[in-house]
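Quick note, the sequences are listed as chains A and C, same order.
When we follow my numbering, the leftmost residue of the first sequence carries the number 1, and every step to the right adds one.
When we follow my numbering, the leftmost residue of the second sequence carries the number 1001, and every step to the right adds one.
What the hints contain is simulated information worked out from the structure, not anything from laboratory work.
Misleading hints may appear alongside valid ones.
Think about it this way: if two alpha-carbon atoms lie no more than 27 Å apart in a straight line, the pair counts; the simulated DSS-like pairs of lysine-lysine are [unchecked claim]:
(1) C/Lys1089 x C/Lys1479
(2) A/Lys56 x C/Lys1492
(3) C/Lys1140 x A/Lys38
(4) C/Lys1417 x A/Lys38
(5) A/Lys10 x C/Lys1144
(6) C/Lys1144 x C/Lys1277
(7) C/Lys1089 x A/Lys10
(8) C/Lys1353 x C/Lys1313
(9) C/Lys1109 x A/Lys38
(10) C/Lys1089 x A/Lys38
(11) C/Lys1140 x A/Lys56
(12) C/Lys1089 x A/Lys9
(13) C/Lys1475 x A/Lys56
(14) A/Lys9 x C/Lys1492
(15) C/Lys1353 x A/Lys38
(16) A/Lys84 x C/Lys1277
(17) A/Lys38 x C/Lys1107
(18) A/Lys10 x C/Lys1479
(19) A/Lys38 x C/Lys1468
(20) A/Lys84 x A/Lys10
(21) C/Lys1140 x C/Lys1089
(22) A/Lys56 x C/Lys1089
(23) C/Lys1258 x A/Lys9
(24) C/Lys1258 x A/Lys38
(25) A/Lys79 x C/Lys1089
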Amino acid sequence: MAVDQDTIKKDLREFIVDNFMVGSENETLNDDDSFMEKGIVDSTGVLELTSFVEEKYEFSIDDEEMLPENLDSIDNLVKFISRKMG
Amino acid sequence: MKIQSLLEKAAREYRDRTAVVHLERRISFGDLYRHYSKTASFMKALKLPAGERVALLWENSIEYVYLFFAIQRAGYVVVPIDTSLKPDKIAFILNDCTAKGLVFHGKFKRHLPAVLNESRNLEFILSDIALDFVNDDRTKYLLKQIIESGEEFGSPDNIDSEGHNPNDAPHELTAIFYTSGSTGMPKGVMLSHRNLVSNTLATVEYLKLTARDSVIVILPFYYIYGNSLLLTHIACGGCLVLDNRFLYPEVILDTMEKEKVTGFSGVPSNFMILLNKSSFPERRLEHLRYFTQAGGAMAPEVVRRLIDAFPQKEIYIMYGQTEAAPRASYCPPERLREKIGTIGIPVPGVELKIMDDSGREVPDGDSGEIVIIGPNVMMGYWNQPDEESQVLRNGMLFSGDLALKDEEGYIFIIGRKKEIIKVGGNRVSAKEVEERILENEAIAEAAVYGVPDDLLGEAIKASIVLRKGFELDIKELQKFCRSRMAEHKIPKQVEFLEELPKYKSGKVNKLVLAEVGPKK
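Using the sequences provided together with the hints, build the complete structure.
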């Protein structure tokens, strides 16, 4: 399944804003912002985020891939998803 | 002896030893004391009357540790605030305890305008960021300026630590920890110096903590179990290794190995995530001496898996509650294998009785309510005499947990009187979640209860009856809840029913829902 990076970015942003930023719509989320640093995603949230990614892009995330460099910003997620699908 | 004397004593005895590690930062007891001394002097000079409440909204960090003690040293009552709360709940707490000061971490600046708008009593705000963006006439202070140019109140060798005898710790309010109440609104648990000092020293004793110990801290300090880690390790001259990234378990395991920690403390969901979703069972963790677990019952199967994965480590299963400052019982590790399912025996200096509804102690083997007696029992609930009288009678704390004692005095919990769901260590009031859900116009009836969950220990499930002509799906309901409640309170499972099963009294029969309700 080939999906371009802009589409992945758009889908991820929509999911994160809809699910983790209700009530904080005025806050900006840059593509390289750390979800942890900004306090957007907690430990329950990261499980939801990985479920969303696994379902949407049809691959599974191994335990050892649960790392901030793969999952902790929109940019990191896009790179990780592209790598997994490539 | 006051609670801050623990830090002053450690600064005298362990001046050059590392007190706190947070990622790349580390601080010695001597420097921690200097920061504490400057911030305490500054806050004292604000000349608020002694006993005024000052809220602390700050993520686990070196700053949290010295600010927590500094507020108390300045003569005020510290009120740690749950950093996951929405602005309306934060404002509720500030108003409820009539906080005059808010010490807050810039990470949460998005909450500030809404919080300040609703908070009636605040006179000053102290933060690590400049607050120019806040259009508000309250006095604002910058932490950096205080640390750079503030005055200390003297070396730890010369200051009066207000007595050294733990038994002389005053019955004077020093901290209020808010916890979910069965009514849905947070209740302020009032703790005295005596409550905290006695429980800290009892915990140091049974865990055999010394200055050689260091603990990885993944639990937030605003949570009483996290606070207990802070106090016990300051008390013994040990080291707090802070890492707020538990959402990435491998990162935590790497930190544990790198920093050679001797202790790991978690709630059931932490252990389940580590056992199920990480390389934890394969790690050697050769410096680790012990695990502690509290914050809700951990399934016997998970305890067995932990023992099997780490047969050489000491595993302390513990029980307590915020109202007990917090520790009431522990199981000595050498007895755990034969007593799986127990919460153990009372911690030193505390007595636990099993009582029936009339307040009489029941014979061993019979069930009743756990009643806690000792210097750790809270002073009461802030401004909630009715709630207080339900749990505090003649100085005894009625825990709400139903249990029995075996012939050796080991206690086994069999149920709960109150409808509190423990989600990954957070206490969630079923009533509160039901009330929020019912604010949705599509919903006619809602019942909320806990169901077993592999990762969270207990997860929130909602059974919903929709109003005629309305439609709603799980995602829409969860989104609605998210706009009103913290993430851990959002129902993970939702089922839609034609009607809710009820007792003759009309009360919803949640036992039927939890046990035989359709799974989704």
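Now for the hints, and whether the structure bears them out:
Note on C/Lys1089 and C/Lys1479: the hinted pairing holds, with a Cα-Cα distance of about 18 Å set against a maximum of 27 Å. Of the supplied pair hints, the one linking A/Lys56 and C/Lys1492 holds, its CA atoms being roughly 19 Å apart against a limit of 27 Å. Distance restraint check for C/Lys1140 and A/Lys38: the Cα-Cα separation of roughly 23 Å lies within the 27 Å cut-off, and the hinted pair is therefore satisfied. Distance restraint check for C/Lys1417 and A/Lys38: the Cα-Cα separation of roughly 38 Å exceeds the 27 Å cut-off, and the hinted pair is therefore not satisfied.
Proposed proximity of A/Lys10 and C/Lys1144 is contradicted: the alpha carbons are some 39 Å apart, above 27 Å. Of the pairs offered as hints, the one joining C/Lys1144 and C/Lys1277 is violated, with about 40 Å between alpha carbons and a cut-off of 27 Å exceeded. Under the criterion of a C-alpha separation no larger than 27 Å, the hint pairing C/Lys1089 with A/Lys10 is inconsistent with the structure, at around 32 Å. For a cut-off of 27 Å, the pair hint linking C/Lys1353 to C/Lys1313 is broken: about 30 Å separates their Cα positions.
Distance hint between C/Lys1109 and A/Lys38 is fulfilled; the C-alpha atoms sit about 10 Å from each other, no more than 27 Å. Restraint check for C/Lys1089 and A/Lys38: the C-alpha separation of about 19 Å stays at or below 27 Å, so the hint holds. Between C/Lys1140 and A/Lys56, the direct Cα distance comes to roughly 46 Å. Violation of the 27 Å bound is thereby established for this hinted pair. For a cut-off of 27 Å, the pair hint linking C/Lys1089 to A/Lys9 is broken: about 33 Å separates their Cα positions.
Distance hint between C/Lys1475 and A/Lys56 is fulfilled; the C-alpha atoms sit about 16 Å from each other, no more than 27 Å. The hinted pair formed by A/Lys9 and C/Lys1492 meets the criterion: a straight-line CA distance of about 26 Å does not exceed 27 Å. Taking the CA atoms of C/Lys1353 and A/Lys38, the gap is about 46 Å. The hint is violated against a cut of 27 Å. Annotation: proposed proximity of A/Lys84 to C/Lys1277 holds, straight-line Cα distance about 19 Å (limit 27 Å).
Among the hinted pairs, A/Lys38 with C/Lys1107 is consistent with the structure: their alpha-carbon atoms are about 7 Å apart, no more than 27 Å. The straight-line distance between the Cα atoms of A/Lys10 and C/Lys1479 is roughly 19 Å, inside the 27 Å bound, and the hint therefore holds. Between A/Lys38 and C/Lys1468 the CA atoms are separated by roughly 41 Å; this puts the pair beyond 27 Å, and the hint is violated. Of the pairs offered as hints, the one joining A/Lys84 and A/Lys10 holds, with about 18 Å between alpha carbons and a cut-off of 27 Å not exceeded.
About 22 Å separates the Cα atoms of C/Lys1140 and C/Lys1089, which keeps this hinted pair within 27 Å; it holds. Proposed proximity of A/Lys56 and C/Lys1089 is contradicted: the alpha carbons are some 34 Å apart, above 27 Å. The straight-line distance between the Cα atoms of C/Lys1258 and A/Lys9 is roughly 35 Å, outside the 27 Å bound, and the hint therefore fails. Simply put, C/Lys1258 and A/Lys38 have alpha-carbon atoms about 26 Å apart, close enough for the 27 Å limit, and the pair holds.
Taking the CA atoms of A/Lys79 and C/Lys1089, the gap is about 37 Å. The hint is violated against a cut of 27 Å.
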